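*Asks:* Following the hints, position chain B against chain A.
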Amino acid sequence: MSATLTIAKRELRANFDSPVAYVVICLSLIALGFTFFYYEGGFWQANRASFEMLFVYLPRGLSWVVIPVLTMRLIAEERRAGTLEMLITLPVKDHQVVLGKFLGTWAVVLGLIASTLLFPVLMFKFWHLGTLDWGPIFAGYIGLVFYSAAAVSLGLLVSSLTESQIIAFFVTWLLLLALHISGMFMNRVDDPSLQQILAFISFDARLVSFSRGLVTTRDLLYFASIAAMSLMASFRALERRKWS
Amino acid sequence: MATDVMIEAKGLSKLYGPFRALDKVSFQVKRGEVVGFLGPNGAGKSTTMRILTCFISATGGTAKVHGVDVFDDPLEVRRKIGYLPQRAPLYGEMTVWDYLQFTSDMRGLDPSTFKSRMKRIVEVCGLAKVLGKDIRQLSHGYRQRVGLGQALVHDPPILILDEPTSDLDPNEKAEVIRYIQEIGKDRTVLLSTHNLAEVEAACARAIIVSKGRVVADGPLSDIRAKSGTVRYLVTIHEQKLYEGSEAYRAGSTRRPPSSDEVSEALGALPGVQRVRELPTDDKAHAFELSGALGGDLREAIFQLVVQKGWLLLEMRRESQTLEDVFKALTRGDERADRGRPLLAEDDDAAAVGGAAAGAAALASAADEDEDEDEDEDEDEADEGDDDAAEENGGDDESDGDDENDDDGDDDDADDDAKGKKDGR
Chain A
9 MSATLTIAKR
19 ELRANFDSPV
29 AYVVICLSLI
39 ALGFTFFYYE
49 GGFWQANRAS
59 FEMLFVYLPR
69 GLSWVVIPVL
79 TMRLIAEERR
89 AGTLEMLITL
99 PVKDHQVVLG
109 KFLGTWAVVL
119 GLIASTLLFP
129 VLMFKFWHLG
139 TLDWGPIFAG
149 YIGLVFYSAA
159 AVSLGLLVSS
169 LTESQIIAFF
179 VTWLLLLALH
189 ISGMFMNRVD
199 DPSLQQILAF
209 ISFDARLVSF
219 SRGLVTTRDL
229 LYFASIAAMS
239 LMASFRALER
249 RKWS
Chain B
95 MATDVMIEAK
105 GLSKLYGPFR
115 ALDKVSFQVK
125 RGEVVGFLGP
135 NGAGKSTTMR
145 ILTCFISATG
155 GTAKVHGVDV
165 FDDPLEVRRK
175 IGYLPQRAPL
185 YGEMTVWDYL
195 QFTSDMRGLD
205 PSTFKSRMKR
215 IVEVCGLAKV
225 LGKDIRQLSH
235 GYRQRVGLGQ
245 ALVHDPPILI
255 LDEPTSDLDP
265 NEKAEVIRYI
275 QEIGKDRTVL
285 LSTHNLAEVE
295 AACARAIIVS
305 KGRVVADGPL
315 SDIRAKSGTV
325 RYLVTIHEQK
335 LYEGSEAYRA
345 GSTRRPPSSD
355 EVSEALGALP
365 GVQRVRELPT
375 DDKAHAFELS
385 GALGGDLREA
395 IFQLVVQKGW
405 LLLEMRRESQ
415 TLEDVFKALT
425 RGDERADRGR
435 PLLAEDDDAA
445 AVGGAAAGAA
455 ALASAADEDE
465 DEDEDEDEDE
475 ADEGDDDAAE
485 ENGGDDESDG
495 DDENDDDGDD
505 DDADDDAKGK
515 KDGR
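First to last, the protein sequences are chains A and B.
The first sequence begins at 9 in the working numbering and counts up one residue at a time.
The second sequence begins at 95 in the working numbering and counts up one residue at a time.
The shape of chain A in the complex, shown without the other chains (with noise of 0.2 angstroms):
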């Protein structure tokens, strides 16, 4: 096994071998089925079998509790407890470290998202409650594979600026914040360039598309391309201790 899945194994075995990962599952399915189900009168009241609100519900949760929690420690804590110096001293490269963290993360993610599937399986497959378009489904969850792999590496790549985890857990959060309500801002702003900015960069703009069974290349690279500068980044922030 490589370097990098061995680490990555490590990193989704330290999320299961304490509570944290259980707890926050938990709670985050129950909050979703909540929100689902009840918030401005849910599912029920838009008479209509569509999971478009799943996909806006779930990236929120996502990005204000879950993955904060997942990431904030993840370079930070392992730099604070000394634990990165003797990973790092291991026949292993800076970039297998970084990878291999952000892969054992964002599996659990994944695995989160995956068990929202429950919802519409259950209730389309199992109880029948009415004939399901199963493109925008797949799509939406196409869309949040995408945006939980910028979101967990955004993430890796705050914590890998700092030695305090509660700094990386709002750092993560703040920037996530942001960038999911920026498409909000968008008609508050009369300049059309910054308008233009605010669109670019939103997710929730980027999720609707994927939630409506849109998938797009530009929406697919935008979500890649986060991941990957943050990754280099975080691989950078990792290299600086070297010349520091």
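Hints are computed from structural coordinates only; laboratory data are not their basis.
Keep in mind that this is a model prediction, so the values were computed, not measured.
C-beta: ideal position from N, C-alpha, C; glycine also.
Certain hints may be false.
As the list claims (entries may be wrong) - Rough simulated footprint, nothing fancy, chain A against chain B, three-plus residues with beta-carbon under 8 angstroms:
1) 144-151
2) 183-191
3) 198-209
*Replies:* For chain B alone, coordinates are given in the frame of chain A:
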């Protein structure tokens, strides 16, 4: 390529911003050597080890491990070494077995090799009882053992251990040193520590660093001999005389000696460089004398005691300990930390000269061979020294300004000793 030099540092320098952590550090460690890497906090030990393990990069100079340059091929270097950083940072949520398996996987060992290695590691490091326990539940001593275990999992030819006994209780320290002795039988080991007794127990050679420079490098016996002095410990009964002595029978000496009397008499012996009183109980005067390395003062001391009719309780001659040399070589660090004037100017020649310069520094510093407590007491005892000097008959010409008297001449040391004596 097979080589006898397993670790080689040449002119290693490291700057943290304006702070020079390492200043042209050079040394070699040969195959099969267990070398103590000594120095006070902040001397550059960990920085050197981190460079050797490719965790950080040097600002200048080169380092090779097993013939491989740490900058050119860090992965190959890491494969050749087993490294235990300070305080053995481990993943607390993993069990000991899982952690060792993780390091084995990271090092690319196959499961059967790992299992066969584990038998030896468990035996050497004493891990049999804790293999299934979470690391966070282990005592510090056991964590150090696990740290040693992970450093050995790939059976490396070179071990680099950074303060493996810090924060351990005396029993745990003894255990870890025993492991290192066991491990060091067939490996090259670079052992960083503050604890000189550990170095004396486990190493045949030491490198002493101070303020980022190598100030001594060689076999322990050579380092001990660097001070050029021998220490004598003499204990005289404070309340009794030897009743069989001629002086006693003649009635010329019927009063037990005072500490001043003993001190003056010992100090007057030819070849005695310095006399210092040691703390004892109420029944004895204990003194430490310094004499030249080649001479032997025991005969003269014995004759003096017989002549005076004193009751000799103990007399011992011993070489300068490694600890004495260490303190003399590195005292400047501690004084600088406390904002005191340094013993000697740090000229560039001393930096470049390495061990030779260290010996020169030692020659000046070793003369004032007070222990650290006394050193710290100097300032606090300034006024006391003055008072003591007056009580001693005013033969002390010290002006009591010890802040500026740290150049270590013998008179000052004697004054301090007298001050202590009178303070008792």
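*Asks:* Each of the hints needs a verdict: does it hold here or not?
*Replies:* Evaluation of the provided hints:
no.: 1; hint: 144-151; result: holds (count 6)
no.: 2; hint: 183-191; result: holds (count 5)
no.: 3; hint: 198-209; result: holds (count 4)
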